[in-house]
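Trainee: Chain by chain, the residues run as shown.
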Amino acid sequence: MKIKPLQIIAHIILILGVLLMVVPIWISFASSSHDSVTILTEGMKFHIGDQLARNYNEVLNEKGGWSEEVTAAKMFINSFIMALGIATLKVVISAMSAYALVYYRFKLAVPIFWLIFITLLVPLEVRIFPSYKIVSDLGLTNSYTGLILPLVASATATFFFRQFYKTIPDELLESAKLDGANGWSFFIDFLVPLSKTMIAAMFIFMFVYGYSQYLWPLIMTTAEEYWTVVMGMKIIYTESYEGVALPRTAERFAYIILSMIPPVLVVVFLQKWFIKGLIQTEK
Amino acid sequence: MSFLDLKNVTKIYPNGTKAVHETSLSIDEGEFMVFVGPSGCGKSTLLRMVAGLEDITEGDINLDGKLMNEVDPSERDVAMVFQNYALYPHMNVYNNLAYGLKNRGIDKETIEQKVNDAAKLLQISDYLQRKPSMLSGGQRQRVAMGRAIVRNPKIFLFDEPLSNLDAKLRIQMRLEIKKLQQKVGVTSIFVTHDQVEAMTLADRLAVINNGIIEQLGTPIEIYDNPKSLFVAGFIGSPQMNFLDGNLKNKTLSAEGFEIKDINSDFEGEVTLGIRPEHLSQSENALISLKVELVEQLGSDNLVYGQLKNKKDFCYRCPGNQTIEKGSNLSLNIENNKYYIFDKSTGKRVN
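Line by line, the protein sequences give chains A and B.
Quick note: the first sequence uses our numbering, first residue 1, plus one each step.
Quick note: the second sequence uses our numbering, first residue 1001, plus one each step.
Rather than coming from a laboratory, the hints here were simulated on the basis of the structure.
There are no misleading hints in this set.
Derived, one-sided and incomplete: chain A residues facing chain B with beta-carbon distance under 7 Å:
no.: 1; residue: Leu172
no.: 2; residue: Ser175
no.: 3; residue: Lys177
Think of the CB as a built atom: it goes at the ideal place given N, C-alpha and C, for glycine as much as any other residue.
Work the whole structure out from these sequences, hints included.
Mentor: Below you can see the structure in the form of structure tokens.
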């Protein structure tokens, strides 16, 4: 096989892109395996040091916060629950509302769709006070429900599902009807399996969205046992500066590396479906 | 009351389009009925009303003695084969066939039995585990029919199921559908715009135009005895030749020739229809045709040309006759097989 100059250039660009993505992560990982003093005196590291196990163990299990009770492990669990709840409910609600909008041709379907779509202009940060007021009146502060519920409606996902359902031929619905399918079974037996790749993609996006939420959990939670990873990142960065203690740089890197794992796992796990759906058109 | 009864069925779409006009029709049990007509004539709408996929604006549909107007499609016990088959893309063939049965709460063993029987009947047993995307057009067609057969419905509805197949496969599937229907004996309605399909499949034929049944009868009745200009032009291939003429005192004067002693008291402007296959060559005959083009089909030759008045005309003769381009043929109408229609209403007058 002859290699063309254009291919070489393309590969150089691709390799540069890969390096741009991977090198910062590698530096963080390598630095997390050293002693904080080493990093403070010698700068960030490219090679693995000997403090790996100690740093990670400390980050995961050290009790922090004012109450000295919350650990990073607990925060990971919180974030995971929150992201999972948000992603699952967002996908379920969006798919179902899109189904209603496309297949039940009630009079106000179009205005209602646009109303949903307009909420894109009002992200949580804009409506954070009313949202807080409602959640607090419902007594949901410091609960997983309170963390998840205000974030479960998604105009974006509804829009994508709607566009997808519109491409499904009417005959399929008619044929299913004649085969005795009712509204619910058509959704479960047809739309869900047909859109499973779509569901996987939406789940990935929404999981990462939920996982990286910062402002909402910060406002919502006063009890430390509901802290999330992203909040912890802020805390670990600002703590114990005034005292004589050295900044714990290595542990911070370890924390960052750990915080990346859950979303990466979700992407890696669902990618198989995602790609399978892209190469296999089943419609 | 017959098995399927349509009484003054009318369909008006919300935008005011009247797709079907007060149509009444009875279909007997086990009969193969074909709706044929040009696209947009309302034949599919009529079929979909029987299936329950379209609301009935006015009139009644009775199936097996029960009024169907308000019955949900899933409760009607009808099965339909769609033009693009509408197979369930994410299910394998087995599940495509089994889905309707599962919804009816039939137990697993019975389902398996029924699916396997239907698969054997349609020769798709080898493909049961495949997805529809891995099947050829003909196989998909069979699966679509299997899905209909397996439920053992009261009535089969076919909505132009052959139009996505290539010509050879279409003829083959046409035969198979006919055989299958005779074997299973289920009442069927078949919608098509192809008059050859209609003629070959039908026990009875309904020629539909502009939402009205123009003529109802066996294929041969309709071919031999078209009641209107539309039916005469639609049924038969190549199309019937039409010539303008005038009828007076039982004498038809067409362009360039006359026919006497016509069995009709009608007087006025008429259209004379002659099928290309009802002509023969003879000396000093009525019609003189200047040959422009000959299509040799093997068994037959289709001769296209012009009459004296430049009117296009077609003549069908046995394939063993040699006809030269540019020659003049002298043609007679065999056995007085001609049709005369009132030019203004299109109604048959002889």
